[in-house]
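Chemist: What follows is the residue order along each chain.
There are 2 protein chains.
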Amino acid sequence: MTPPKTPDAPPARLSLISRHLAPVYPINTPYAVERLPSTVDTSLLPRIQVREITTTTPKMSQPTHPTLLIPGPIEFDDAVLQSMSHFSESHVSAGFVATFGETLSMLRKLFQTTDPASQPFVLSGSGTLGWDLVAANLIEAGEDVLVLGTGYFSDGFADCLRVYGANVTELKAPVGTKPTLPEIEKALSEKKYKAITVTHVDTSTGVLSELKNLSALVHKVSPDTLIIVDGVCSVACEEIDFDAWGLDGVVTASQKAIGCPAGLSISMFSGRAMKAFENRKSPPSAYFASMKNWTPIMQNYEAKKPSYFATPSPQLVHALHTALSQILAKPVAERFAGHKAASDKIKAAIGALGLQQVAANPDEQAHGMTAIYLPEGVKGAELLPILAKKGVVFAGGIHKEIVTKYIRFGHMGVSVLDPTRGDIERAVKALEEGLAELGYTKS
Amino acid sequence: MTPPKTPDAPPARLSLISRHLAPVYPINTPYAVERLPSTVDTSLLPRIQVREITTTTPKMSQPTHPTLLIPGPIEFDDAVLQSMSHFSESHVSAGFVATFGETLSMLRKLFQTTDPASQPFVLSGSGTLGWDLVAANLIEAGEDVLVLGTGYFSDGFADCLRVYGANVTELKAPVGTKPTLPEIEKALSEKKYKAITVTHVDTSTGVLSELKNLSALVHKVSPDTLIIVDGVCSVACEEIDFDAWGLDGVVTASQKAIGCPAGLSISMFSGRAMKAFENRKSPPSAYFASMKNWTPIMQNYEAKKPSYFATPSPQLVHALHTALSQILAKPVAERFAGHKAASDKIKAAIGALGLQQVAANPDEQAHGMTAIYLPEGVKGAELLPILAKKGVVFAGGIHKEIVTKYIRFGHMGVSVLDPTRGDIERAVKALEEGLAELGYTKS
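As given, the protein sequences belong to chains A and B, one line each in that order.
The opening position of the first sequence corresponds to residue -8 in our numbering, with each subsequent residue numbered one higher.
The opening position of the second sequence corresponds to residue -8 in our numbering, with each subsequent residue numbered one higher.
Read the hints as simulated data drawn from the structure, not as lab findings.
Just so it is clear, the structure is predicted and the values come from calculations on it, not from any experiment.
Just to be clear, a hint being listed does not mean it is correct.
Any copy will do: because identical chains look the same in the list, a pair fits if it lies in one copy or spans two.
Listed below are the simulated DMTMM-like cross-link pairs for lysine to aspartate or glutamate, each with C-alpha atoms no more than 25 Å apart in a straight line [unchecked claim]:
1) K272 with D146
2) K420 with E176
3) K295 with E416
4) K381 with E174
5) K396 with E325
6) K433 with E416
7) K296 with E392
8) K266 with E373
9) K283 with D150
10) K272 with D354
11) K381 with E181
12) K296 with E373
13) K296 with D146
14) K163 with E176
15) K381 with E367
16) K177 with E355
The following block holds chain A by itself, in its conformation from the complex (with noise of 0.2 Å):
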């Protein structure tokens, strides 16, 4: 089962050895960009680590484990893992400086916008730490925020909003399904709202909303509410065109599709986002998740300039260089349309063993999880200790209201893009061969 290397690696690994190989040149202060030369002289390099650097690098291959195919975290590529494991850096140097810079570069095109005014964020967080970003940046006490309520998730982002002092309205749907667009509409009609936010995969019940049109929609009946997505369970699995469907925020985490291992807060917010921050009557309501502590930093990084809010990860930005690097390689709507194609045959095999999903709508199926409801009598707390003994990881259910009827399938990243891996063929049968030991079959 120890996962074989993606035909992505080889780039990745290279691009690793290069930042072994770039410039340290340690102004470490935060009050040192001023006195930066522009461009680094490399002269400077101690050139004992130029000479010894590509025969010392550690080849790594992953132990034998069981494959982890839950809602994230997913399973990891060698060479991102490796990246996890880099030599201590200083936060300021020179060389982590330019994988910072570049890896918040290759976020914009992973997001698709080309707009200079976008802002990405890279902070050291869980994913849930984009709710705060949103909440305490862009919305002001009192203000209001309409939350399409799609299961767990978005009753989290709710919570969060709350707060911060949002007065939320939560337009809910049934579980399984998501508000509908006139539902939407007739809701912007009612109140003007300072933002709405939408769950884009809600990974408590495998449901996709549809962004494209409800931008659309959005820009049209209340054209100064901000567009804010919850991209968890999206981002680099599911279509997300940034600029072209005029998104104001899409905030996400690294351990799902974009597959580098948990710890990074990841956000994109547009040119009006910031406008929207930079307008505000109150100062920001948080202090680690300030957009104000932290957005030059962001900008000084991309602009490969040291400075300093609070000391990043190196080693997490290093697995997420890596992951980017591996994801720009190809073109991104290739990326979609792999996701898209896996789903679409894990959806049949579940279809066949005859089983429902929780989205029961095609049209409202994610492409990166499947939320499978149990067949009557199968407990998940039996059957997800069988998959386990057949090295498959399958995850419970989360949705309070239907929390033991179902389990979770993810489908992100490595395990269905690399088709040697087998990864899915595997999950797949281990399903249908569990079910069978604990007395099912298809009526």
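Dock chain B against the given chain A, drawing on the hints supplied.
Modeler: Chain B only, in chain A's frame:
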């Protein structure tokens, strides 16, 4: 310059492998706690994993690189970096839950607290997030906080407290010193403070605050005031006796003396602090940094029960587990003594070079870093690249009043505790040679 393995590495590596063998029992749902057996049935383990694992564990050694001797991040041990590339695991799998639970229990030993009411937290985030944890949970809007002003980092803590509505009084000391006990006693007598904050080592100046007598004073003259320590540059290199000294909170980060890559906010709060949190009249004023959200999760992890609020970083937690296993393989008193002995040697060498420290008073000098005034005519922007060329990375200044006038030398973790590395000797030699190259002669 490849760092050799420390004497502690073998047991840590064993611990890492034992994690690989840990049972995988994937009830991946936050609602599953009550359904889990109290002991895990290892017969559910995929057998193939146990058989193959020891042959595929990657051996790693770090590529040659300049030795990082800034006040964090520090140089990391091989086994710790190896843990960073742990294969992907569910954040609620029994194996990872056990690792996280043990990590939290080990933190109690590091902080020297046996009071079961003490509560450790390990969150994805920069060390700075610890300030938010204090400000958003222990303090309510309008409450008074006394901040002992020692430099850049106490100023930051004050800023953070203000963001969440605290009424902050800063008792500032001149650069290179700390407020005196009589000054603090006077301040405490003038107003009733909900909390007092002290930066144990202000990384901007290398000033060490004295916690034991300070805490005794506060308990005597203002017994209801919570005593909160910023231990970012002190935990695991300076003595902290949490229970005996009556501390209420210590917040720190992973990448300094603990010796784990950046990306984790690590903290310990007393039963009294947790009570103060529970007795809040208003809800916590942050969401990701909310103790309401995290306390039950930390308690469940420590009880080896899976639960979920936001996805932690399994890789960083594994690395922290390895780092703490190494630290606790010996009495912590030995660790503190080792840092003190190395610091004494470094400070003597710096004195012998005719250089002055920012913290002039020996009683106020940190043991994990040294802030060194540059000789007249020597610029940090010239000296630091010369040191880098010699394979040693120091940091520039950060305290705005003296930013260009000094450099910072971090001496924590393996660089001082593993004498076979020779990091400190090389650093002192590089400093001496570098200064000479810039024309400095001891006057």
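Chemist: Hint by hint, say whether it matches the structure.
Modeler: For each hint, the structure was consulted:
Only between protomers do K272 and D146 lie at most 25 Å apart by alpha-carbon distance; the minimum there is 24 Å, versus 27 Å within a single protomer. Taking the shortest alpha-carbon separations for K420 and E176, neither the intra-copy value of 44 Å nor the inter-copy value of 71 Å comes in at or below 25 Å. For a Cα distance limit of 25 Å, the shortest separation of K295 from E416 qualifies neither inside one copy, at 44 Å, nor across copies, at 32 Å. Within a single copy, K381 and E174 get their C-alpha atoms no closer than 45 Å, and across copies no closer than 67 Å, so neither meets the 25 Å cut-off.
Taking CA atoms no more than 25 Å apart as the test, K396 paired with E325 passes in neither setting, with 34 Å inside one copy and 54 Å between copies. Proximity of K433 to E416 under the C-alpha cut-off of 25 Å is restricted to the intra-copy arrangement: shortest distance 19 Å within a copy versus 72 Å between copies. Taking the shortest Cα distances, K296 and E392 sit within 25 Å of each other only across copies (22 Å), while inside one copy they are farther apart (50 Å). For a Cα distance limit of 25 Å, the shortest separation of K266 from E373 qualifies neither inside one copy, at 52 Å, nor across copies, at 40 Å.
For the identical chains of this complex, K283 and D150 are neighbours both inside a copy (23 Å) and across copies (12 Å), given an alpha-carbon limit of 25 Å. With identical chains, the CA atoms of K272 and D354 are never at most 25 Å apart, being 41 Å at best within one copy and 46 Å at best between copies. In this homomeric assembly, K381 and E181 never come within 25 Å of each other (Cα to Cα): the closest approach is 53 Å inside a single copy and 68 Å across copies. For a Cα distance limit of 25 Å, the shortest separation of K296 from E373 across copies, 18 Å, qualifies, whereas the shortest one inside one copy, 54 Å, does not.
Only between protomers do K296 and D146 lie at most 25 Å apart by alpha-carbon distance; the minimum there is 24 Å, versus 39 Å within a single protomer. With identical chains, the CA atoms of K163 and E176 are at most 25 Å apart within one copy only, with a shortest distance of 14 Å there and 56 Å across copies. In the homo-oligomer, the alpha carbons of K381 and E367 lie at most 25 Å apart inside one protomer (22 Å), although the nearest pairing across protomers, at 69 Å, exceeds that limit. In the homo-oligomer, the alpha carbons of K177 and E355 lie at most 25 Å apart inside one protomer (21 Å), although the nearest pairing across protomers, at 65 Å, exceeds that limit.
Hints 2, 3, 4, 5, 8, 10, 11, counting from the list given before, are not met by this structure.
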